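Trainee: In case you want the letters, here they are:
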Amino acid sequence: MSEGFTWSTGSEIAQAVAAGKVSALAVTEAALKVIEVRNPVLNAFTSVTAERARRRAKAIDASPDKKKLPLAGVPFAVKNLFDVEGIATVAGSRINRAHAPAKRDAELIERLEKAGAVLIGATNMGEYAYDFTGENMHDGPSRNPHDVTRMSGGSSGGSGSAVGGGMVPLALGSDTNGSIRVPSSLCGIFGLKPTYGRLTRARTFPFVASLDHLGPFARSVRDLALSYDAMQGFDADDAACVDQPVAPVSPLLERGLDGLRIAVAGGYFRKGASLEALTTLDGIAKTLNAREIEIPESARARAAAYVITCTEGAALHLNRLRRQPNDFDPAVRDRLLAAAMVPATLVVKAQNFRRWYRARVLELFKDCDAILAPSTPVTAPKIGQHSFTLDGVEMPVRANLGLYTQPISFIGLPVAAVPVPLDPLPIGVQIIAAPWREDISLRIAYALEKMGAVKAPRPKL
Amino acid sequence: MPDKLDEFITTASAALDLPLEQTWRPAIKANLEVTLKLANLVAEFPLPDEAEPAPVYKA
Numbered sequence: 001m002s003e004g005f006t007w008s009t010g011s012e013i014a015q016a017v018a019a020g021k022v023s024a025l026a027v028t029e030a031a032l033k034v035i036e037v038r039n040p041v042l043n044a045f046t047s048v049t050a051e052r053a054r055r056r057a058k059a060i061d062a063s064p065d066k067k068k069l070p071l072a073g074v075p076f077a078v079k080n081l082f083d084v085e086g087i088a089t090v091a092g093s094r095i096n097r098a099h100a101p102a103k104r105d106a107e108l109i110e111r112l113e114k115a116g117a118v119l120i121g122a123t124n125m126g127e128y129a130y131d132f133t134g135e136n137m138h139d140g141p142s143r144n145p146h147d148v149t150r151m152s153g154g155s156s157g158g159s160g161s162a163v164g165g166g167m168v169p170l171a172l173g174s175d176t177n178g179s180i181r182v183p184s185s186l187c188g189i190f191g192l193k194p195t196y197g198r199l200t201r202a203r204t205f206p207f208v209a210s211l212d213h214l215g216p217f218a219r220s221v222r223d224l225a226l227s228y229d230a231m232q233g234f235d236a237d238d239a240a241c242v243d244q245p246v247a248p249v250s251p252l253l254e255r256g257l258d259g260l261r262i263a264v265a266g267g268y269f270r271k272g273a274s275l276e277a278l279t280t281l282d283g284i285a286k287t288l289n290a291r292e293i294e295i296p297e298s299a300r301a302r303a304a305a306y307v308i309t310c311t312e313g314a315a316l317h318l319n320r321l322r323r324q325p326n327d328f329d330p331a332v333r334d335r336l337l338a339a340a341m342v343p344a345t346l347v348v349k350a351q352n353f354r355r356w357y358r359a360r361v362l363e364l365f366k367d368c369d370a371i372l373a374p375s376t377p378v379t380a381p382k383i384g385q386h387s388f389t390l391d392g393v394e395m396p397v398r399a400n401l402g403l404y405t406q407p408i409s410f411i412g413l414p415v416a417a418v419p420v421p422l423d424p425l426p427i428g429v430q431i432i433a434a435p436w437r438e439d440i441s442l443r444i445a446y447a448l449e450k451m452g453a454v455k456a457p458r459p460k461l
Numbered sequence: 462m463p464d465k466l467d468e469f470i471t472t473a474s475a476a477l478d479l480p481l482e483q484t485w486r487p488a489i490k491a492n493l494e495v496t497l498k499l500a501n502l503v504a505e506f507p508l509p510d511e512a513e514p515a516p517v518y519k520a
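So the sequence lines, in the order shown, correspond to chains A and B. Read in order, the letters of the first sequence are residues 1 to 461 in our numbering. Read in order, the letters of the second sequence are residues 462 to 520 in our numbering.
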């Protein structure tokens, strides 16, 4: 496999492996080599599972069924909150390093490997996923492949950096408030946050039970669809996983835009956006002939997501806060300690509002099939940057990179995040659909990719 | 001069058995201020008594 092939998509690799043009082992070795060269710069991986990957690749090469495997030989990585057999699930923390090694892989890893993919390692992330920057005080920051002095975005920063930096064509992340869509925007790659309850979270380290989602990153829409299709299906081991029929989207991608009514979110979703974010959004909206609509009470939705996040996070970590407060990143600890003092009445109000807001937003989908919104207010900030100015107001970076993603994940809507290759730094757009209509988000993303309007730009590494 | 929030943090930490060091106070207070401001923005929104949360949330 040539150096150029490391920029191939997963579907190109799977086709080449299935046709016997290249072995899964050769693909794996090339990926390991690239990781060896680029990871010291990008700091995307915290563990590389080289021997396991070689064994798995050899098994695929020997399999008589490899032609039937949709992800044959495709290397992939997972955020280090996914259980990987034999490794402690650190979830970006120092504290979890004392945990026993996981006994079994996360369910989504098992499903991807069943489809022929090859796990190659676990990636860096913000501590306990409470982060939008990709910085980590224990492992160092994951870096943006388009400018290594800049943030990858978080909290699935290592997964964003690994895919954007051409180390793997596919990676998994989690998204509670934007942790797939923010790194996707900053690193210039595609991301899918499916409907809440669609993909099982079994055997992953949680953050906020009410809002946690898992999903893939890739450099093409087809790769998102292939991996998403391989991961669908009910799992009783995740209390939120809904027994919904498996609905493959790969066969639907080429249906195009015919019959789709597309809107673009105004109001809250334009306030505070940089010129880059607005120009990009307007360009995509024009291409899709989208009309502007208002998603009501989005600022309040974001506020409610914030309250549910910090208080459920505090509940999850309460004993660790009491016993090991000095082992947390102080920024995470101080937010969780403050949240542990928030009256329960206010949290119940936030959950009440969530149901009300869901009903109002679902009404909008009677008149449109998808809504566009910015993924982030700005392109990648500098690593270590604490504040930025949005609409003339100085705000903390860490809490506000997810300004436009939070009101959407709050009610679990599916989103395809697509990258627009601005020079020098990319920025993303969210394509939001009604619950269970990932197919619509991905169809629109695919049409935009075919037109050349969105693309994962190749960084100069 | 300690204000009401300072007093609340002192009392709540003790009552809830939460660790508290003096150097953490400014950050905890700043975070609590933001969280309460956002929580009150939600709580002040008029909803009918029947507006209950979804016991098992489904999108």
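Source of the hints: derived by calculation from the structure; they are not laboratory data. Note that the structure is a prediction, hence the values are computed from the model and not measured. Errors might be hidden in some of the hints.
Covered by chain B, according to a simulated footprint, are these stretches of chain A (three or more residues, beta-carbon under 8 Å) [claimed, not checked]:
1) 193-206
2) 354-367
3) 374-387
Think about it this way: if two alpha-carbon atoms lie no more than 20 Å apart in a straight line, the pair counts; the simulated DMTMM-like pairs of lysine to aspartate or glutamate are [said to hold, decoys possible]:
4) B:Lys-519 with A:Asp-329
5) B:Lys-498 with A:Glu-312
6) B:Lys-519 with A:Asp-439
Positions of the beta carbon are idealized from the N, C-alpha and C atoms, including for glycine.
Trainee: All hints are to be evaluated individually against the structure, with a verdict given for each.
Mentor: Evaluation of the provided hints:
For a cut-off of 8 Å, the count of residues in the region 193-206 of chain A with a CB near a CB of chain B stands at 3, and the three-residue condition holds. Only when three residues or more bring their CB closer than 8 Å to a CB of chain B does the claim for the region 354-367 of chain A stand; here the count is 4, and the claim holds. Here the region 374-387 of chain A counts 0 residues with a CB under 8 Å from a CB of chain B, which misses the bar of 3, and the coverage is violated. Taken as a hint, the Lys-519 of chain B and Asp-329 of chain A pair is broken in the structure, with Cα atoms around 33 Å apart against an allowance of 20 Å.
Restraint check for Lys-498 of chain B and Glu-312 of chain A: the C-alpha separation of about 18 Å stays at or below 20 Å, so the hint holds. Distance check on the hinted pair: Lys-519 of chain B and Asp-439 of chain A sit about 19 Å apart at the alpha-carbon level, within 20 Å; holds.
Hint compliance for this structure: hints 3, 4 are not met, and every other hint is.
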